[in-house]
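Chemist: Please put together the full structure from these sequences, using the hints given.
4 protein chains.
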Amino acid sequence: MTDNIPPSLIKELAETGGEFYRRGWALGATGNFSVLLSRKPLRLCITAAGSENGTFDDTNFLEIDDDAEILQGFGRPSDETLLHLTIYRLRPKARCILYSHSASGIILSDRNFVDGSISMQGYEILKGLTGVTTHEHTERIPIVENSQDHVAQSHVLQNVLIEEGNIRGIYIRRHGLFTWGETVAEARRQVEVFEFLFEILARTGA
Amino acid sequence: MTDNIPPSLIKELAETGGEFYRRGWALGATGNFSVLLSRKPLRLCITAAGSENGTFDDTNFLEIDDDAEILQGFGRPSDETLLHLTIYRLRPKARCILYSHSASGIILSDRNFVDGSISMQGYEILKGLTGVTTHEHTERIPIVENSQDHVAQSHVLQNVLIEEGNIRGIYIRRHGLFTWGETVAEARRQVEVFEFLFEILARTGA
Amino acid sequence: MTDNIPPSLIKELAETGGEFYRRGWALGATGNFSVLLSRKPLRLCITAAGSENGTFDDTNFLEIDDDAEILQGFGRPSDETLLHLTIYRLRPKARCILYSHSASGIILSDRNFVDGSISMQGYEILKGLTGVTTHEHTERIPIVENSQDHVAQSHVLQNVLIEEGNIRGIYIRRHGLFTWGETVAEARRQVEVFEFLFEILARTGA
Amino acid sequence: MTDNIPPSLIKELAETGGEFYRRGWALGATGNFSVLLSRKPLRLCITAAGSENGTFDDTNFLEIDDDAEILQGFGRPSDETLLHLTIYRLRPKARCILYSHSASGIILSDRNFVDGSISMQGYEILKGLTGVTTHEHTERIPIVENSQDHVAQSHVLQNVLIEEGNIRGIYIRRHGLFTWGETVAEARRQVEVFEFLFEILARTGA
Chain L
214 MTDNIPPSLI KELAETGGEF YRRGWALGAT GNFSVLLSRK PLRLCITAAG
264 SENGTFDDTN FLEIDDDAEI LQGFGRPSDE TLLHLTIYRL RPKARCILYS
314 HSASGIILSD RNFVDGSISM QGYEILKGLT GVTTHEHTER IPIVENSQDH
364 VAQSHVLQNV LIEEGNIRGI YIRRHGLFTW GETVAEARRQ VEVFEFLFEI
414 LARTGA
Chain V
214 MTDNIPPSLI KELAETGGEF YRRGWALGAT GNFSVLLSRK PLRLCITAAG
264 SENGTFDDTN FLEIDDDAEI LQGFGRPSDE TLLHLTIYRL RPKARCILYS
314 HSASGIILSD RNFVDGSISM QGYEILKGLT GVTTHEHTER IPIVENSQDH
364 VAQSHVLQNV LIEEGNIRGI YIRRHGLFTW GETVAEARRQ VEVFEFLFEI
414 LARTGA
Chain S
214 MTDNIPPSLI KELAETGGEF YRRGWALGAT GNFSVLLSRK PLRLCITAAG
264 SENGTFDDTN FLEIDDDAEI LQGFGRPSDE TLLHLTIYRL RPKARCILYS
314 HSASGIILSD RNFVDGSISM QGYEILKGLT GVTTHEHTER IPIVENSQDH
364 VAQSHVLQNV LIEEGNIRGI YIRRHGLFTW GETVAEARRQ VEVFEFLFEI
414 LARTGA
Chain Z
214 MTDNIPPSLI KELAETGGEF YRRGWALGAT GNFSVLLSRK PLRLCITAAG
264 SENGTFDDTN FLEIDDDAEI LQGFGRPSDE TLLHLTIYRL RPKARCILYS
314 HSASGIILSD RNFVDGSISM QGYEILKGLT GVTTHEHTER IPIVENSQDH
364 VAQSHVLQNV LIEEGNIRGI YIRRHGLFTW GETVAEARRQ VEVFEFLFEI
414 LARTGA
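Here the protein sequences come in this chain order: L, V, S and Z. Here the numbering used here is used: position 20 in the first sequence is 233, and no number is missing along the way. Here the numbering used here is used: position 78 in the second sequence is 291, and no number is missing along the way. Here the numbering used here is used: position 75 in the third sequence is 288, and no number is missing along the way. Here the numbering used here is used: position 68 in the fourth sequence is 281, and no number is missing along the way.
Keep in mind that the hints were calculated from the coordinates and are not lab data. As the structure is a computational prediction, the values presented were derived from the model and not from experiment. For glycine and all other residues, C-beta sits at the position ideal for the given N, C-alpha and C. It is possible that part of the hints are untrue.
Stated by the list, open to error - Dumping the calculated DSS-like pairs for lysine-lysine here, alpha-carbon to alpha-carbon at most 25 Å:
id, chain 1, residue 1, chain 2, residue 2
1, L, Lys224, V, Lys224
2, L, Lys224, Z, Lys306
3, S, Lys224, Z, Lys224
4, Z, Lys306, Z, Lys224
5, V, Lys224, S, Lys224
6, L, Lys253, L, Lys306
Said to hold, decoys possible - Output of the computed footprint for chain S on chain Z, the stretches with three or more beta carbons under 8 Å from beta carbons of chain S:
id, segment
7, 277-285
8, 297-304
9, 386-398
Modeler: As structure tokens, then:
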């Protein structure tokens, strides 16, 4: 529960969570959505662990500062809070981070791609990614290993985000996809693009 | 927003869009549905880019003339506006054009079929296509290459529509299916027939 | 439209139709559900062709006698009306016939099974079929060829129904499944059992 | 019908049943959910056979004692009542038992795993299982043969539950998954975790 997150945003996030759950992109999941409240100082709202079935409301959000300390709300923050903070720090335009996991995505993340990333090219739907204007675009999603050492993992993410200026998502192997956007709608549209292509790639063995 | 499109039609299109989205045939998509308002002069309503999640209302429609100029409404017309105009010009009975993209359809569109088209025969559901009275019918959907040069692509479509008098849909490779009908219901039923068969063909390797 | 079909039955059939449509078992379909009104004389209500999207109400039903003549209601009877009549004649307990077609079912129906039928055994869910009390039961669904000669096809069905006293469904190849029951609920539960097993068999190549 | 089951619990179970049905995890099914009313004496509520389509209310529940005798309610208890009783006896914390069956789960249950169990490791979603704090966890679900001799089968389950102190579910081959939890929400979350991983494993042949 936090005073600082507008009801319309809660509604948009809840609608997104319900849709992800319905599609099987959020099964068994604890909360993993966030929105930026301010940059200076860095403040974000993140769903608390235990926001299940894709259903949540304002009581499921915690307000967090840049040390991952809880400023408002009750509950345990998501294990991935440090990863969210890292993404917001390294991507100054990001105002929303969404997490999804599908069977297809996880199957793909387990393949040994030559350059360690899921690569997608030649699909019109890539134009659903902000800034992409042609299907001839190549989009790469780096795959990083999963770890329960969240400090170490946030450093790995930090390095990836610094080295790869153009990526729009990161896949943690056998875990799920982190995507971000300037708005909830943008982040959600990008999740849809990626999950749609994951299904195609997982089914074709590409 | 346009004065000229009846609310019942908006409702029918919105219901269709919601259903396509639910089935995963419109993920990450910007608008790509149109209806014909008049033939002489040629006027159509087309969903504006940015009509997401399968949800839209009258504010998502632009009224367009036969030079693709916006007569009413706000927003950017779909990149495929020229393709819609081409189909209406070459198919005098068409009054609605729908666009769908499924994982199965895109997987199929990427196969190298001998005659460059998706071919379907022997299925009872083909009788859901207007004018088809037996499962022994062979339906072909030509596959054309995708291009961001929409003028060039509309010429390609024009040639296909002239050469192939009997086709009911065109697939743009790795993009999606364009289908048309005299009514929204007819176009939608044909999308359902095609997408159903795409799933079968994609799964069987036929 | 018919006076003789109780509103509660319409509601149950409409709910069933909506569910089949949602699951992708009734895409692109015209009407193909029926209920028995009386045995002597033989009277049935059958959805008219054009009952789309799994949505229908009492206006979509035609009352038919045993010559397939329309007694009440407007519209064209389903192409499969003769098949419904044949099933009611040969299965004296049947009071509801449902039709479904799924991608998995059609894929299966196209395999060359040694005895020309889809065979299912060893699954607990078989106990969802009326009269089956053990998973060790073997259920067979004969596959017959599709034909637009509905008189000839109803004779084929008649022979199958006479020869195979224990079957609970018939698959018309590349068309769909006909199942029946004493009630809508029974017929629907049997469709669910069959379609569930079709998915398993289609995916495993069994 | 039983006086002893709180309406909020009925609602939660009904919502869970509806969701399982929607996902295709409860097709063709008769009732197979239970909650513990008291430990001493052992009393449970279990859905009666015939609770279909994932829809049920308080009239679908029977109150049962530890001899599987009906104390309240009308109808035939589920064939698996003895299995529920066995699980409650051997798992003192369990207060809810859920049953699900998916095509993927049944396909998996039919593979000949070396140690006779479905084994899952390395997936972040395993942390959705109570007590699991790392993806490096290995979760095993023993597979037992199906039998219509429910007394014999409850003995088999009893042995498995005694020998394997850490399991969170048991799969009856070609039948379905039994999972339990201290609450409906916990049991449901565990079903989601398992069914999600079953899809991945069934699709990858692992």
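Chemist: Check each numbered hint from earlier against the structure, then list the numbers of those it violates in ascending order.
Modeler: 2, 7, 8
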